[in-house]
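Visitor: Sequence:
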Amino acid sequence: MFKRLTRRKALSSLAALGLVTWAFVPNQAATAAPLRAAAPTAAAAGCPDEMPTRIAAELAARVCGKRIKATAMTTQTDEYYINPDGSTTMDHRYRPVRVKRGEDWVPTDTTLTAAADGTVTAKAVAASYSFSGGGTGPMVSAEAKGTKVSLGSPLGALPKPVLDGPNATYPDVIPGVDLVLVADVDGFSERLVVKNRQAAADPRLAELGFAAQAKKGAVKADKYGNVQVVDADGDPVFTGAAPEMWDAAEEAATLRNSGTPGKRARMGLKWTGGKLKVTPDAALLTSPDTVYPVTIDPSFTAARSSWTYVDSAYPSSTYYNSSNDATAGTSNGGGYKRRSFFNMGLSGMGTGKHIVSATFQIYETWAWSCSARNVGLYRTAAIGSGTNWSNQPGSNLTIGSKNVAYGWSSSGSGGPSSCPSSWVGWDVTSALQDIMNANGTSITFKVQAGSETDNYYWKRFQNNPHISITYNTIPATPSALAMTPCSTCTNPATTNATQPTLSAKVSDADGSAQRADFEIWTSDHATKLSGGSVSGIANGATGSWKAATALANGTYGWRVRSNDGTDYSAWSGWFGFTVNATPPNAPDVSSTDYPEGDWAKGAGQAGSFTITPSGSNVAAVLWSFDGGAQQSAATTGAPYTLSWTPAADGPHTLQAWVRNTAGSLSPVTTYAFNAGKSAITSPTDGQTTARRTVLSASGSPGLTAVTFAYRRGEADTWHQVPAADVRKRSDGSAVTWPVAMSAGVSPDLVWDTTHTLAEDGLIQVRAEFTASSGTANSKSVDLVVDRDAEGATTQPVGPGSVNTLTGDFRMAATDANVFGVGLMRSFSSRDPRRGSSLQGVAAIFGSEWTPNGLAQAGQGTFVQLHATSTTSIELKGEDTTVAFTKNTDGTYTAQPDATNLKLTYDTAADRYTLTDTNSAERTVFAKVDPSATAYLVRAVYPAVGSGSTVFVWEPVAGTQLARPAKIIAPTWAAAAQSDCDVDTLAALPKGCRLIKIDYATTTTAGAQLGDVAGQVKTISLWEGGTSAPQGLSEYRYDDLGRLRQTWNPNAPDVKTSYDYDLNGRVNRYSPPGELPWTLTYGKAGNPDIASDGMLLSASRPTLRPGTPSETNGTATTSVVYDVPISGAGTPYPLDPATAATWGQGDPPVDATAIFPADQVPANHTGRGGLAASDYGRATITYLNASAQLVNRAEPGGAISTSQYDAQGNTVLTLSPGNRALALGQGPTAAT
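Here the sequence shown stands for residues 217 to 1447, numbered as in my numbering.
Possibly wrong hints are sitting among the right ones.
Distance condition first, Cα-Cα at most 35 Å in a straight line; then the derived DSBU-like pairs of lysine-lysine [unchecked claim]: (1) Lys479 / Lys491; (2) Lys995 / Lys1102; (3) Lys361 / Lys411; (4) Lys436 / Lys361; (5) Lys361 / Lys479; (6) Lys1102 / Lys1206; (7) Lys1118 / Lys1182; (8) Lys376 / Lys436; (9) Lys995 / Lys944; (10) Lys431 / Lys339; (11) Lys436 / Lys339; (12) Lys1118 / Lys817; (13) Lys361 / Lys376; (14) Lys1212 / Lys1182; (15) Lys1206 / Lys1299; (16) Lys439 / Lys479; (17) Lys1206 / Lys339; (18) Lys316 / Lys436; (19) Lys1182 / Lys1143; (20) Lys431 / Lys316; (21) Lys436 / Lys493; (22) Lys376 / Lys491; (23) Lys316 / Lys411; (24) Lys364 / Lys339; (25) Lys439 / Lys493; (26) Lys721 / Lys817; (27) Lys486 / Lys436; (28) Lys944 / Lys893; (29) Lys995 / Lys1143; (30) Lys436 / Lys411; (31) Lys361 / Lys339; (32) Lys316 / Lys364; (33) Lys721 / Lys364; (34) Lys316 / Lys376; (35) Lys491 / Lys364; (36) Lys411 / Lys439; (37) Lys1233 / Lys1182; (38) Lys944 / Lys316; (39) Lys893 / Lys1102.
Please keep in mind that the hints were generated in silico from the structure rather than gathered at the bench.
Sequences are here, hints too, so could you generate the full structure?
Guide: What follows is the structure, encoded as structure tokens:
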């Protein structure tokens, strides 16, 4: 009876379309006509047809080359498709064609069924209403936006209805009169069918009163006869068009083209006494010409978007939002003419749209014949509830006409036809673009017959037209213009680069990736000098372009625009800049407190240093002490004096340089000085050694010789380092204490530390000097002796790798690797309980395995962070550690070899953020529990435009330990980083994936392999929006908690197996589908560092050629330690004197050989165990005193060389061929 007014979101405000219907034509079926299919596009195999979000659909459309539906944007009337070029297609229906049921959309279905409470409801409609199941209750109850309305029967109690599709017929509510309620997709209509003349004479039909009640609203009737129910704010939520009545002849005239019009009349309507009172036309009811049945149709339906038709027969009557068909033309030779208007709101589309294409379609259900006739589409001014024939808006644009005929049948409407019902469409692109260009908020279309006097032009249409609009949002003008490098970075900028990098932020409301076009012009903007483009910039991201040609010193301007593949943005404003590429001169440095090259003052004593710029155009001085953090101070050229306090005695350097106003840096001035009177310069304080240590010291020129000593701690006495354990680094010669110094500097000595010390641990080392007048001692430094220390060169052996100094065998496994994140584990033969040693992290795979991969590869292997003091932070990983020092201003400075890392702390959230300035990736560390001491990886955020990876940790009950529970990251088609940054599976949206780690709650391992409480049981992959996980890995353990089997649950018969020795070392490894490896460990090499955990060999059976499983012997890779470098049994002499012949100043001190399967050595210790001739097939690695690879000897004797600086950076390499040339042994050597 009423029409429900709805407000569409976003582009669904386009639903302001209205269809004109004959007031006397019955409601058409609620089922929407199928649309013409869109033209197919070529697409990659396996591509989806839909994706959850707009951004996901955009990515898929670009990859697949076809349009993709963005399902999250779907409404009852609208569907949105993202096209490969980034444009959007909106398919809009005036009335709902789908409704939400749970998480799914289902087609509308107006079929009526009896509800459990006795009322009658439609199966799937957009409006909320119910019909009476019979009796005295409300005839109709409806609700919209909190306002409820009930409508009573005008003829008393109702019988039980007869249900037939959308129709509920209440037979003989009075004799000869049926009441019919018709369900529609967004409302309902009511009508009385007077079946004969006797029934028409019933006085109860003289006036029909519909009792109406509104809760949280009010009922109104306007001067045009339209009915409204308004909410508390006065906004209409239900409407009803002015009522009409007609006889059967009138209906036949339009349904069967009888040519003889029947009778039709408007009825009066008023709201009084709590009732809507309708007065049927008595003359029509009683006329002898009336053909029964007569339909009395108050036309009260639920409201939808605005449409109307106008009728020349009733020029002052309105039919706003009628439930009848839309019509155009005449069916009685011009006696009355009808036109239909459809209004569409455009505010949801926003402004700045380029209409690529737009088509208006309406479904023609009836024509006077199958002989085609024109019907035209026009653009008009807007319509309203008072629009009628007399005040209808005129046309302001003729869009076009279509010569068509659809739906006629000799059997009447809906019968078999040679021209069946079909869609009629017009291109409305330019009409819609005109409105957009004028910033219009709505567009109204009129459907009008080509002739309004010829019955053959008569047409009827469904009142639910369709409009398809493909539009593109014109990109916004690029913003945030910037350039690098620059000293003055605001517009106008100053730079020292002849080819500066220009950047700007691009944005597009459609979310499309864009191209940025850059141009550089002369300062007067008269001549373009350079230009270029950068493509594939994510929406909202910054695009950067480096000038293609070098610019001379001078002033210029640049600008930028963007393109989304369809449209260009406007050009940005001009950004001016000046190029000054001439660098300044190096500064002078002086100090009276610490004179250059001298020894003065000492640790903890401040000194003043003056940096004096040379020349003009200076903006700042910069400096750094001992390679530490760079500091700066502004100056226009005046000398700058700073204060610095050395923390330790010994040599120090101040590096100083200046920057001019363009940002150019001068050459560096290095100022060397010494604090105190003497210092030990190697080892550095806190250094760790696995075997040997370089010893060196320096002091004032009065110091002539040095002896090195050590002690276990302050309670211990100082012991002289045994001279027998020390050699000169330069030539390997023996030393006697004291060793002579030259100009206050000792030679580098190599101390075989582990030969001197039987046990590992912390020791202190100092230099004891002999002076021309007495003795002096340096301050001591700490040295950690750890025979299991990492850092030495490794070589692949069997299923893992071996540390060539310590013999530690490492083996790793990857159990899950998706979306760029892997969950891995590793094993160490010298530390078989290493899985329990990660501070704050539980041994989730048992003590034998260390969990790895708890961060993305882009951030290295950092997994946890510790505050080691109030001013120091230690960032720890699986095989690396980086230290940070807290500055007085609260910032942090990384150690010298990690200056690309920036660390910040959020006090409120108690979180640290690590940023790699090279890649723009960020890693967030947080505590899993406030009482925990370790900060663990919480999330990894790649650069802008990429997704995030979120590491979700959980505490282990009863401990201070944590373990990973989930690793969440977006897929390639996810929307934004925050979409997937959730901690629960239920909250994980579509488009996201996660690795879920499940732990056993009870121990079942015993005589049979099983679970161990608290250790990983399964790892699975979850997709957002689904409930079934995809298994990635499962685990089984033995009764000692050791991992014994793992497999992919999709292939449970293909298992990886491990066996262990009594110490927990893996001694047998059986990979799936391969023959097993046997790993043998034992002590070998120099007894000072020998360990039971050193790898001796890795072996596996070999297959007989041509057979899949028959074995034929065993292939063994062997390791030999302590290979002699000189003297007896030396395969290749590499003593210092020999190495010096090709200029190698850092000779090796240790060597290890790897033997292939075709040569098995008789001993795993080279010195005294093998002859020089026993290494023919071996590859030998040679290490210096810092355990760095300095030489490699391949089988046959080809030897390469590498040399390093003090920071461990490679500074020189010699291939075997170049080394031979250096020795005069190559093919071009002199003869």
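Visitor: Are the Cα atoms of lysine 431 and lysine 316 separated by 35 Å or less?
Guide: holds, 26 Å
Visitor: Next pair to validate is lysine 436 with lysine 339; report whether the Cα-Cα distance is within 35 Å.
Guide: This hinted pair holds, its Cα atoms lying about 30 Å apart.
Visitor: Holds or violated: are the alpha carbons of lysine 376 and lysine 436 at most 35 Å from each other?
Guide: holds, 30 Å
Visitor: Within a Cα-Cα threshold of 35 Å, do lysine 436 and lysine 361 meet the stated pairing?
Guide: Judged against 35 Å, a Cα distance of about 18 Å means the pair holds.
Visitor: Does the structure keep lysine 1212 and lysine 1182 at a Cα separation of 35 Å or less?
Guide: holds, 5 Å
Visitor: Are lysine 486 and lysine 436 close enough, with their CA atoms no more than 35 Å apart?
Guide: holds, 9 Å
Visitor: Sort out whether lysine 1102 lies within 35 Å of lysine 995, counting only the CA atoms.
Guide: holds, 25 Å
Visitor: Compare the distance between the alpha carbons of lysine 491 and lysine 364 with 35 Å, and conclude whether the hinted pair is satisfied.
Guide: The given pair, whose Cα atoms are some 16 Å apart, holds under the 35 Å limit.
Visitor: Mind checking the alpha carbons of lysine 411 and lysine 439 for me, to see if they're no more than 35 Å apart?
Guide: Answer holds: lysine 411 to lysine 439 is near 31 Å, not above 35 Å.
Visitor: Holds or violated: lysine 893 and lysine 1102, Cα atoms, limit 35 Å.
Guide: holds, 29 Å
Visitor: Just to be careful, I want the Cα atoms of lysine 436 and lysine 493 compared with a cutoff of 35 Å; is the pair within it?
Guide: Satisfied, since the Cα-Cα distance of roughly 12 Å is no more than 35 Å.
Visitor: Regarding the pair lysine 436 and lysine 411, is the alpha-carbon distance no greater than 35 Å?
Guide: Judged against 35 Å, a Cα distance of about 31 Å means the pair holds.
When the structure is compared with the earlier hints, violations turn up for hints 3, 5, 6, 15, 23, 26, 29, 33, 38 and for no others.
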